[in-house]
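Peer 1: Here is how the chains run, residue by residue.
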Amino acid sequence: MEKIYVTSEGLNPQACIDQVRDDGSGGLVTFIGNVRNKTKNKTVHYLEFEAYEPMAIKEMQKIAEQAISKWKLYDMAIHHRIGKVPTGEEAVVITCSSAHRKASFEACEYAIDTLKETVPIWKKEVFEDGETWVSAHP
Amino acid sequence: MKITAFGIAKDIVGGKRIELETSGNQLSQVREALTNTYPDFEKLKSLKFAVNTEYVADDYELKENDEVVLIPPVSGG
Numbered sequence: 000m001e002k003i004y005v006t007s008e009g010l011n012p013q014a015c016i017d018q019v020r021d022d023g024s025g026g027l028v029t030f031i032g033n034v035r036n037k038t039k040n041k042t043v044h045y046l047e048f049e050a051y052e053p054m055a056i057k058e059m060q061k062i063a064e065q066a067i068s069k070w071k072l073y074d075m076a077i078h079h080r081i082g083k084v085p086t087g088e089e090a091v092v093i094t095c096s097s098a099h100r101k102a103s104f105e106a107c108e109y110a111i112d113t114l115k116e117t118v119p120i121w122k123k124e125v126f127e128d129g130e131t132w133v134s135a136h137p
Numbered sequence: 000m001k002i003t004a005f006g007i008a009k010d011i012v013g014g015k016r017i018e019l020e021t022s023g024n025q026l027s028q029v030r031e032a033l034t035n036t037y038p039d040f041e042k043l044k045s046l047k048f049a050v051n052t053e054y055v056a057d058d059y060e061l062k063e064n065d066e067v068v069l070i071p072p073v074s075g076g
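These protein sequences, in sequence, are chains A and B.
Positions 0 to 137 (numbering that gives the first Met the number 0) are the ones given, in order, by the first sequence.
Positions 0 to 76 (numbering that gives the first Met the number 0) are the ones given, in order, by the second sequence.
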């Protein structure tokens, strides 16, 4: 399994953790982005993710490379789900490991924040009475 | 010129791939043609372009066989 990938299958957080384990690491941080069941009091049925896959992979690789070099991580893995994702399930899992915990906490936050700004993946919220592309309009 | 669209851009142009007439090969001219043909692009928070899977600025000069992709505001995670 690649450390950076997108898939239409359900994500496995433990697999993402196992990919970055290192005996020299004293701190491993995991971020899991789940599908919320509500947005502004409206019930969300499910999310539909679309990706420009080759570029999404490249941009996620850039994030991991930058994080590994800046925080001297042992490793980082990013798994992103695409297609239809039901509420409660994982949309993204990011893991990273470092000698001490502070570096991993910071690197993981950097990774999810940057992913939301640069990685060409789009999320559509599907409600009972319609659907919206998230963040498309100001 | 052939252009690929994702997310809300796909809904605005009415398909995944479109053929667009432009006045030249600079991306700024593609943007101009796009917003003239599909005014809804002006309502978006942003519209970026990727060429051959990399973000490029509007002064980019397109070459033959470049893969042009419309990147509306992303919302992964």
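Rather than coming from a laboratory, the hints here were simulated on the basis of the structure.
A couple of the hints might just be wrong.
[Claimed, not checked] For lysine-lysine, the following DSS-like pairs were computed, each having C-alpha atoms within a straight-line distance of at most 25 Å:
1) A:K61 / B:K47
2) B:K44 / A:K123
3) A:K123 / A:K37
4) A:K115 / B:K9
5) B:K1 / B:K42
6) A:K115 / A:K101
7) A:K83 / B:K9
8) B:K44 / A:K115
9) B:K62 / A:K115
10) A:K39 / B:K42
11) A:K115 / A:K83
12) A:K123 / B:K9
13) B:K44 / A:K37
14) A:K123 / B:K62
15) B:K44 / A:K57
[Claimed, not checked] Going by beta-carbon spacing under 8 Å, a handful of chain A positions derived as facing chain B:
16) V34
17) P119
18) G129
19) W132
20) H136
Beta carbons are placed, not taken as given, at the ideal position from N, Cα and C, and that holds for glycine.
Peer 1: Against this structure, judge whether each hint is valid.
Peer 2: Hints, one by one, checked against the model:
Among the hinted pairs, K61 of chain A with K47 of chain B is consistent with the structure: their alpha-carbon atoms are about 18 Å apart, no more than 25 Å. The suggested pairing of K44 of chain B with K123 of chain A holds, with an alpha-carbon distance near 16 Å, which does not exceed 25 Å. For the hint linking K123 of chain A to K37 of chain A, the alpha-carbon distance of about 13 Å falls within 25 Å, and the restraint holds. At most 25 Å may separate the alpha-carbon atoms for a hinted pair to count; K115 of chain A and K9 of chain B meet this at roughly 20 Å.
Restraint check for K1 of chain B and K42 of chain B: satisfied, since their Cα atoms lie roughly 23 Å apart, inside the 25 Å limit. For the hint linking K115 of chain A to K101 of chain A, the alpha-carbon distance of about 22 Å falls within 25 Å, and the restraint holds. Our distance criterion of 25 Å between C-alpha atoms is met by K83 of chain A and K9 of chain B, whose separation comes to about 17 Å. Annotation: proposed proximity of K44 of chain B to K115 of chain A holds, straight-line Cα distance about 14 Å (limit 25 Å).
With a C-alpha separation of about 30 Å, the suggested pair K62 of chain B and K115 of chain A falls outside the 25 Å cut-off, and the hint is violated. Between K39 of chain A and K42 of chain B the CA atoms are separated by roughly 22 Å; this keeps the pair inside 25 Å, and the hint holds. Simply put, K115 of chain A and K83 of chain A have alpha-carbon atoms about 18 Å apart, close enough for the 25 Å limit, and the pair holds. Restraint check for K123 of chain A and K9 of chain B: the C-alpha separation of about 12 Å stays at or below 25 Å, so the hint holds.
Restraint check: the Cα-Cα separation between K44 of chain B and K37 of chain A comes to about 23 Å, which is no more than 25 Å; the hinted pair holds. Between K123 of chain A and K62 of chain B the CA atoms are separated by roughly 33 Å; this puts the pair beyond 25 Å, and the hint is violated. Our distance criterion of 25 Å between C-alpha atoms is met by K44 of chain B and K57 of chain A, whose separation comes to about 24 Å. Because the closest C-beta pair between V34 of chain A and chain B is about 11 Å apart, greater than 8 Å, the hint is violated.
Annotation: interface hint on P119 of chain A holds; nearest CB of chain B at approximately 5 Å, less than 8 Å. Nearest Cβ of chain B to the Cβ of G129 of chain A: about 13 Å, over the 8 Å cut. The hint is violated. Contact between W132 of chain A and chain B, as hinted, is supported at the beta carbon level, the nearest pair being about 4 Å apart and thus within 8 Å. Hint status for H136 of chain A relative to chain B: holds, with the closest Cβ pair at about 6 Å, below 8 Å.
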